[in-house]
Amino acid sequence: MRQFLKYNKMKFKSLFAFLALAATVVSCGKKEASVSEKLVGNWTGTNNIEITITDSTGNTVIQEISAPIDFEYLADSTFTALITINESITFKFGGIAEVTDSLVKFTGTYTANSIMDMTGDLVYNEDKTVAISYRAHNPEGNVIISGKAAVNPKQ
890 MRQFLKYNKM KFKSLFAFLA LAATVVSCGK KEASVSEKLV GNWTGTNNIE ITITDSTGNT
950 VIQEISAPID FEYLADSTFT ALITINESIT FKFGGIAEVT DSLVKFTGTY TANSIMDMTG
1010 DLVYNEDKTV AISYRAHNPE GNVIISGKAA VNPKQ
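Quick note: the sequence shown uses the working numbering, first residue 890, plus one each step.
Just so you know, these hints were derived from the structure itself, not from any lab.
Computed from a predicted model, the values in this text were never measured in an experiment.
Please note: incorrect hints may appear among the correct ones.
BS3-like cross-link-like pairs, simulated, lysine-lysine; straight-line CA separation at most 30 Å [stated by the list, open to error]: (1) Lys927 - Lys1017; (2) Lys1043 - Lys927; (3) Lys1017 - Lys1043; (4) Lys920 - Lys1017; (5) Lys927 - Lys994; (6) Lys981 - Lys920.
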């Protein structure tokens, strides 16, 4: 009888070990990367910019520009971008992103003729592109720069 109980006890332990191993294997499925992980890398695309200037008399002039953008997002949630208007004019911006689930908001600085504070957001799309939307403001110069860019992973 003792031998029978000992044998069944071994069977039970073996069965328990097998079930534990099976549960571990099943739970090892591929985990989807977070939005922040998906954004890491170099991106390139087109940036549509609207520059609004209000002069001292209250007249407003709006200029629209479309230009190439190179965007880099790092693992520490910092980013930089370079917008090439022409051979001699480039705009730059950079800052830090705050990631909450799928929502990515950012703050930083925008450098054109002067340094401006900026805010914006990033959206990682299902087609693996990123939409960038931002607004920079220089209250002393009465300048507002708004931009929307669509970027793809740089090859």
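Straight-line Cα separation of Lys920 and Lys1017 no greater than 30 Å? Within the cut-off at roughly 17 Å; holds.
Could you grab the alpha-carbon distance between Lys981 and Lys920 and see if it respects the 30 Å cut-off? violated, 35 Å
Run the distance test for Lys927 versus Lys1017: straight-line Cα separation, threshold 30 Å. holds, 8 Å
Just to be careful, I want the Cα atoms of Lys1043 and Lys927 compared with a cutoff of 30 Å; is the pair within it? holds, 13 Å
With a cut-off of 30 Å on the C-alpha distance, tell me whether Lys1017 and Lys1043 pass. Within the cut-off at roughly 12 Å; holds.
Does the structure keep Lys927 and Lys994 at a Cα separation of 30 Å or less? holds, 15 Å
Violated hint for the displayed structure: number 6, the only one.
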